[in-house]
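There are 2 protein chains.
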Amino acid sequence: MTPLEFRHAVRNGQFRLPTAGQCGAYAQANLVILPQAHADAFLLFCQRNPKACPLLAVGEPGQWNVAALGADMDLRADVPGYNIYRDGQLASQPHALHDVWRDDLVAFAIGCSFSFEQMLMDAGIALRHVEQRRNVAMYRTHIDNQKAGPFGGKLVVSMRPMKARDAIRAIQITSRYPAIHGAPVHLGDPALIGIADIAQPDYGDAVAIAADELPVFWACGVTPQEAIREARLPLVITHQPGYMLVTDIPNASLAAF
Amino acid sequence: MTPLEFRHAVRNGQFRLPTAGQCGAYAQANLVILPQAHADAFLLFCQRNPKACPLLAVGEPGQWNVAALGADMDLRADVPGYNIYRDGQLASQPHALHDVWRDDLVAFAIGCSFSFEQMLMDAGIALRHVEQRRNVAMYRTHIDNQKAGPFGGKLVVSMRPMKARDAIRAIQITSRYPAIHGAPVHLGDPALIGIADIAQPDYGDAVAIAADELPVFWACGVTPQEAIREARLPLVITHQPGYMLVTDIPNASLAAF
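If you're matching them up, the sequences are chains U and R in order. Positions 1 to 257 (full-length UniProt numbering) are the ones given, in order, by the first sequence. Positions 1 to 257 (full-length UniProt numbering) are the ones given, in order, by the second sequence.
Errors might be hidden in some of the hints.
Note that identical chains are pooled: a pair holds if it fits in a single copy or bridges any two copies.
Stated by the list, open to error - With a straight-line Cα cutoff of 27 angstroms, these simulated DSS-like cross-link-like pairs (lysine-lysine) come out: (1) K51 - K163; (2) K147 - K163; (3) K147 - K51; (4) K154 - K51.
Simulated from the structure, these hints should not be mistaken for laboratory data.
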C-alpha cells in the first residue's frame, strides 16, 4: 500500500489500529493542532526544543490539506485516532475531526521515532519492544524543556536497550536524521536523567535490559503532549500515541548528510 | 611552528619529547617499518583490522621520503624516538635510523588518536588524561584481531571517561574520521571486552572514572605493535609510543563527510 492508499483506508474507517510498521519507508508524524492564538508560542516551543519537537511541517490557519505532508491530505480524518484536550483534560477520542474543525486551527507535524526504528532494523539492530510486539518504553525525565509562552514541562524520552556496539551504530544512524529526533540524548545510568525506576515507564511498556546491554534514550514526541496538557489551553487536538499520521515523505529524504 | 619546521627540529635533535599537542591541526602518525619480505602480510593485517590500523600512507621499499606524509620527509630521523625490535624483543631505542636503514625496509604510517583528541577538545569535550598531563590509558582486550600471515594478537583500546552527552557527541565526531580510528568500539562495562580491572591499564596511565561517566573505548594504534612483537620477526622498527611522526596532513582533510 502507498501512503496515500493507507490514508484513504484510515479515512474510510478501514484501519483503526496503531500505525507501527505501516508504509515503513515513509515518515510517520506526531500531530498537534492548536488555535491560531497559541500557534506562534507553540512554534517557538518547537524551535527551542528541536530534539523532542522536530517539525516536518506547519499548516496555515484552518488548513487540513497540508501538501508538504502528502497528496490529497486530510488532517481531519487521516489519523486512526485523535485526542481532544479541553482545559488540559482529555475530553474525547474521536476517529475524525469534522465536528470540531475550525478555521483558526493550525496543524503541526512532528517527526516520529518509527522512522528511525525502521532504519535501525534495516541496519540489523534488533529492537526488543518490536520483537515483543510492545509499545516502546517512555519516561518523564528531570530535564526541563526550554519554555515558550504557556509551554514548558519536562523532556520525555523513549528507551531502547542495546549492546554497546549497536548503541554506537545507532548513534551514527540517528545522527543523520535531526528531523526524527536525531541522536540519543543519554545512554547508561537512568538515574542521571531523573528516571528512578527503569522497570516503571511513564508511558508504553517496560522491556528487560540484559546484563550486556545499555539503555539508550532518545527525545520523544510525547514531550509536546506533556507541555500541551500542562498549558491547560481551552482546545488542543493531537493524535493518540501510536496512532500516527503516515506521510508521503520518504524517510531517506530526511537524511541530513 | 609548521609541521616541516617541527620535523626539522626533531631531525636536528632539538626536540626529543612526546609529541602530544604539537602542530595540533595536523595528523600525527604511528610508524611501523618492516622488511619487504613481511610487508605484504602486514598490509593485509592493516586492511583486515582497519579500526586499529587505519593506513595514512605506505612507502615503497627503501623509501624514507614518503611525500604523501609531508614535504622533505625523512622517516629515518623525523620521529623523536624509535623502538627497534629484533626477534620480537626490544633491542634499542635510538633517535635516528641511519645505521640500520636498508633498501628493503617498507614504512607504514597509521592514524593516531592525537588527531581526534584535538577535535574533541575543539568541540568542548574535556579529556581527563590531557588535563592531568598523563598518557592515555590503554588496555589489551579479549577481542582477537583478524589474522594475516604472522600477524594476529588481541585488539588494544584506549579509554577516555566521559559523561553520556559527551560520549554521544564524541561518537558523532570520531565517526567522521575512519582514518584516525573512527568511532569507538565499545562503551560502558569494561568486562564485556575482557578488561578485568579498569584501574590497571596495560599501557599508559590510569585515570579516575566519575560516577556520572562512562568509559569510552577506541581501537588503538598500539595494536600493531602487539601483533608485531608476537610475530617475532628478525627486524621491526616502530616509533616509541607517544613519540609520533608529525605529518603535513591537515586533520580536517581526513573527514569522511
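How the hints compare with the structure:
For a Cα distance limit of 27 angstroms, the shortest separation of K51 from K163 qualifies both inside one copy, at 23 angstroms, and across copies, at 19 angstroms. Taking the shortest alpha-carbon separations for K147 and K163, only the inter-copy value of 25 angstroms comes in at or below 27 angstroms, while the best intra-copy value is 35 angstroms. In this assembly of identical chains, K147 and K51 lie within 27 angstroms of each other by CA distance solely inside one copy; the values are 14 angstroms within and 43 angstroms between copies. Taking CA atoms no more than 27 angstroms apart as the test, K154 paired with K51 passes inside one copy only; the shortest distance there is 13 angstroms, against 39 angstroms between copies.
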